[in-house]
Amino acid sequence: MTIAVVDYGMGNLRSVAKALEHVADGVPVVVTDDPGVIASADRVVFPGQGAMRDCMRELQARGLRTAVIEAAASRPFLGICIGLQMLFEHSEEADTPGLSVLEGQVIRFPDAAMVDAAGARLKVPHMGWNEVHQSEAHPMWHGIPDATRFYFVHSYFPQPARPELVAGYSHYPFPFCCAVARGNLFAVQFHPEKSHRAGLQLLANFVRWDVRTGTLTEGTTCS
Amino acid sequence: MLARRIIPCLDVAGGRVVKGVNFVDLRDAGDPVEVARRYDEQGADELTFLDITASSDERGTLLSMVESVAAQVFIPLTVGGGVRTVADVRALLNAGADKVSINTAAVQSPEFVQEAAGRYGSQCIVVAVDAKRVPGTPDDAPRWEVFTHGGRRATGLDALEWGRRMQASGAGEILLTSMDRDGTRVGFDLALTRAFSDSLSIPIIASGGVGSIGDMVEGVTLGHADAVLAASIFHYGQHTVGEVKRAMAAAGVEVRL
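As they're listed, the protein sequences go chains E and P.
Residue numbering for the first sequence is 1 to 223, as defined by the numbering used here.
Residue numbering for the second sequence is 1 to 257, as defined by the numbering used here.
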């Protein structure tokens, strides 16, 4: 069994790989830009950081587009941050088309709405620890209490076309979707690799997620 | 809602955490991984490492230190000190840093911030601003000037103007240090913190002057800081991160407990 972390030359993949290695119980974690390695991996992690347009361009330039779309349709697949955003049809960030794996748009926190209950201005990027509310029971949430805080850093967020895609949401200042789930695919706007115990638990769940039965295999509690 | 962040700051030299007073009498304060783990256990929201030697021959040591910490501590790590080129930024990110802090090099070459943010994204570019009050302005409105080289060299730049410019250049965050308060332990320059936080749209990390838990709480409640950074109050065992967070929660500040 191997876990492939898709490397398209953007962002801090090392953090993701290190955190996965920490919870993978010896399962090899491979950071790769080889479509063949991605195609043969049992699980695929699609991380991302930086600008969406650059990420899409690099993905295309390295010939990884098809491998990612195919993995997202067939095996346990975890998108993180821009890796989630790229799964949608389109992002407002530099008017960039996405991979259209999921129906919906990625939009920016609208300036006019960024005021809290006390009237204070809210900063963009949304940076720091925020509560994640679970919209549904899912094996990926195993061992993670509802409203646990995860680490976010982003200025754009997804708006899935169909509400049943939403697996979790957060507030800033309005509720926004921060986790999506469909079959073998799970994707999050926050950074589990930087979210301390809760983040490691989510990654441990991913390593043990059996998508056919919708359960986790043995050894599911992360210390 | 989003929590305000508490960030312990660690000075490093030669791959070790050190402590001293005003850069002299440096004493070894431990293995970076152990110190990082201790603050992580206490609930630190992020960690900042400042390489106070920052000489080019020690870059390798710094990078291997970042690697060891990043392999074992799973919260955001910022590394600063002597970051001058895009290659420095890349090397630190590849070693496992999540953000890099740029100070003197931003003043020497403002395009550098734009280039680094364009290449790696604003989320990983922190611009450190060392600001000092300018005495005797005619209208009595407080003003601050940017200093570089650890506060030794004046630049003539208005700090708030500079902050706005760095935001426009793609800085994702400002690490704002009051040179007047740094090391004094009498509290943040709250007017400075508030001026930045209220006029910029990116997060502000307040730094310089913390001597008590109350100072950290005020940085948020009165200074409007998005995050507060402190060194000595944690290093000398005076307080834990948890104590600061409980005091903030009691004052009605949203924190990650």
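Simulated from the structure, these hints should not be mistaken for lab results.
Owing to the predicted nature of the structure, the values given are computational and were not obtained by experimental measurement.
Any given hint might turn out to be false.
Stated by the list, open to error - Here are the computed distance ranges between Cβ atoms for each label pair:
no.: 1; chain 1: P; residue 1: A141; chain 2: E; residue 2: D111; range: 25 to 35 Å
no.: 2; chain 1: P; residue 1: V86; chain 2: E; residue 2: I107; range: 23 to 33 Å
no.: 3; chain 1: E; residue 1: I107; chain 2: P; residue 2: G214; range: 53 to 63 Å
no.: 4; chain 1: P; residue 1: R153; chain 2: E; residue 2: A73; range: 50 to 60 Å
no.: 5; chain 1: P; residue 1: R153; chain 2: E; residue 2: H171; range: 42 to 52 Å
Glycine included, C-beta positions come from ideal geometry on N, C-alpha and C.
Quick one: which hint numbers does this structure break? Sort them smallest to largest.
3
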